[in-house]
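According to our numbering, the stretch in the sequence shown is residues 15 to 107, in order.
Honestly, I wouldn't trust all of these hints.
What the hints assert, rightly or not - Below, simulated EDC-like cross-link-like pairs (lysine to aspartate or glutamate); rule was C-alpha separation at most 20 Å, straight line:
#: 1; residue 1: Lys32; residue 2: Glu21
#: 2; residue 1: Lys79; residue 2: Asp102
#: 3; residue 1: Lys79; residue 2: Asp99
What the hints contain is simulated information worked out from the structure, not anything from laboratory work. Remember, predicted model here, so these are calculated numbers, not experimental data.
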Amino acid sequence: MMTTVAEIVKAGRFVVPKQMRDALHLVSGTRIPLEQAGESIVIRPEEGLTGGIAYDALLLACARKVDATEFYTFDTNRFRLVAPDLADGIDVQ
15 MMTTVAEIVK
25 AGRFVVPKQM
35 RDALHLVSGT
45 RIPLEQAGES
55 IVIRPEEGLT
65 GGIAYDALLL
75 ACARKVDATE
85 FYTFDTNRFR
95 LVAPDLADGI
105 DVQ
């Protein structure tokens, strides 16, 4: 578990520190709903794919479109998570 303090600037913005963004796979454009819970603000990324796995999903969607049968990656687990139906064609290269 990582904790930090973020300062809210004049425009109402705050920055999530890079180490925390990396750990949570948050990239520019990630939507983060805010929820008030009593005296607290609860911050969670929206459901769905964020970070590197979103790019993997995009690559596999393109591969499906052209009926590709072989997929090479250094992270076979993420590819299989995104496209279990293509698992037989996923390999490390």
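- Which earlier hints turn out false for this structure, listed by number in ascending order? none
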